[in-house]
Amino acid sequence: MTAVAQDVPRVDRFGIGDLLAEAAAGIGARPGRLVLTILGTVLGIASVVVTVGLAQTAAGQINKQFDAVAATQGVARPATSRGFDGNQRNLGTLPWDAPDRAERLNGVEAAALVSELDIGDLQVTAVPVHDPSAARVTSPSVVATSAHALEALDGHVVQGRYFDSGHDARADRVVVLGADAARRLGVVRVDRQPSIFIGDRAYQVIGVVDGMVRRTDLGSAVILPNGTARADLGLTAPEELHLHLAVAAGPVVGTQLPVALDPNAPETVEVQVPPATSSVRQSVQADINTIFLALGGVALLIGGVGIANVTLLSVLERVGEIGLRRALGATRRQIAAQFMVESVVVGLLGGLVGAALGVAAVTTVSAVQDWTPILDLRMVAVAALAGGVIGLLAGLYPSLKAASIEPISALRGGV
Amino acid sequence: MTVLDLLGAPQGGAPQDSGDLPPVVELRAVERQFPGDPPVHALYPADLQVDAGEYVSVVGPSGSGKSTLLNLLGLLDRPSDGEYLLDGIPTAAAGERERAALRARHIGFVFQAFHLLPHRTVLENVLLATIYSGVPRTERRERAVEALDRVGLSHRLDFRPTVLSGGERQRTAIARAVVSHPRVLLADEPTGNLDSESSAAVLELFDELHAGGLTLLVITHEDDVSARAQRRVRITDGHLREIA
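Those protein sequence lines, which keep their order, are chains A and B. Quick note: the first sequence, position 145, residue 144 per numbering that gives the first Met the number 0, numbers continuous. Quick note: the second sequence, position 191, residue 190 per numbering that gives the first Met the number 0, numbers continuous.
Hints listed in this document are in silico derivations from the structure and should not be mistaken for laboratory results. The model shown is predicted, which means the values in this text are computed figures rather than measured ones. Cβ atoms here follow ideal geometry from the backbone N, Cα and C, with glycine treated the same way. Among the clues, some could well be false.
What the hints assert, rightly or not - Now the stretches of chain A that chain B is said to cover, found in silico as 3 or more residues with beta-carbon under 8 Å:
1. 238-248
2. 323-334
Said to hold, decoys possible - Non-contacting residues of chain A with respect to chain B, defined by C-beta distances greater than 12 Å in every case (computed):
3. V10
4. A20
5. A109
Claimed, not checked - Distance windows between CB atoms, simulated:
6. B:P89 x A:I15: 50 to 58 Å
7. B:P89 x A:S408: 50 to 58 Å
8. B:R140 x A:N288: 21 to 29 Å
9. B:D148 x A:G27: 46 to 54 Å
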């Protein structure tokens, strides 16, 4: 630093503000060219954002279908067919020992029969009150299950206990209440051995359960053992067999269960098990992503080369201006900085426009497909900034070129 | 050494440095040759001294070394040998940054081809010179307007140079050259692209600037342009000679 340069106060020297103003004027001088210059970057950034955004959205879509509950849940029902009268009728019945049969299979961790009961006009009450003028209240639904239902349905005991196969075999008059049903019936504690009435018959409440994610409706139901339901409420055949499966056991159980339940007529049992997650589909998806990202990368590269080209062209066109600025006292560094900033700003513009277009595309596709668009906003910000980085890299050579221009030769040409 | 010696020294020493100020331009055996086989001697060792307030013209046919001389004087090129003092500051060995700062603050350029930025207004073109030369930020606009007023273009502030006549363009360029209050104005064929009427106006302006105390150095091949100067220097085949 010399005396000549030092005696100018810092605020009056060529500063950042001047640099930005000069660069902005340089860019703004040719708006049409600016559009063409940023096109490559716009396309590149947009395709990267779209690829990543759609991949994230699709992943969200798959996750929605493939949650942990669905992956380990299975249901077996009697097959149905439509009769001539138009009604669905069952082709067969599940055996009462279906849970035992199912649990012998590899991959079945728990199994239980669940049947809704039709209790007709009977009312479920905590205290039987015969008051003809009282408004009729709706009863909680009544459901019969086998002993291990809690395991099969992923529920847990809040108070007391669940009934076991002994209650079932003896047809004991015991019930377990879903948490909602307990609240409605006013059963707060089970250690006082409360009873509820189904019609006029009293049943002892031995437990309160909750959290049956596979049959959330059981939270507001009165649950009694199969044997009791058969004896008191006329349950004739089990309705559904709920299975808790090991992950990925679905296909195997799906083929074996009908035979295990009804060896003579396996076709009368309809089994719903989670499908095997398709590894083929996933790898195809990954391939598509790779291809799109590669295309995006190529587009970015072309965008960068485009910026470099146009900046270089602009340097060559503005040789006279560069010479003039040097003659007016600009240093090489100031000239290089000006073209560098122009290039970075052009890249940033491209990045911003591209990222915006990408977000718009992801949103539009999601709207059309009825998907939930999922897009990491940090990724969008990074993509926009990446445009600036591309501009920076693309501007390096042209800026050095501009800085190396000799004012003498530059001033011989016109501006 | 006595006190008398010390007192006497300023009066007695170097009578040729008549004033307190050093000459604005002083070439001491400056030469410029371009490498080649054989090397081209664009300027043979030359001495030139231009004092503050002088109006000097350099005449010579094309190819005589005028542009080389202008580039050397404008610090756009370095001499192969010799020393060039600008306002008393040695420049031959100065760094690029210092030379840029000297160009910005001590020299105003006027070119044959005007070199105005086509996308900027007349005012912005003049302001361009202030951002590199350290003119105080608050005074820039005021001084640019004042400079344009001085060249008679106050009514053209917001015009693009592309719609101006040649004479107006050159006057804009002159305003740009003087806005940073340079010590010397270097003009390279300032009337080369102008008709006679515009040329006369530009030369008139030079006379006014000279009358205002500005040091001018005009390079030209036209005799009637050089005739306006107080002092004429001829350059022929790289040799610099005073014209008596």
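Point to revise | Violating hint indices (sorted, rising) | key: Numbers 1, 3, 4, 6, 7, 8 and 9, in rising order.
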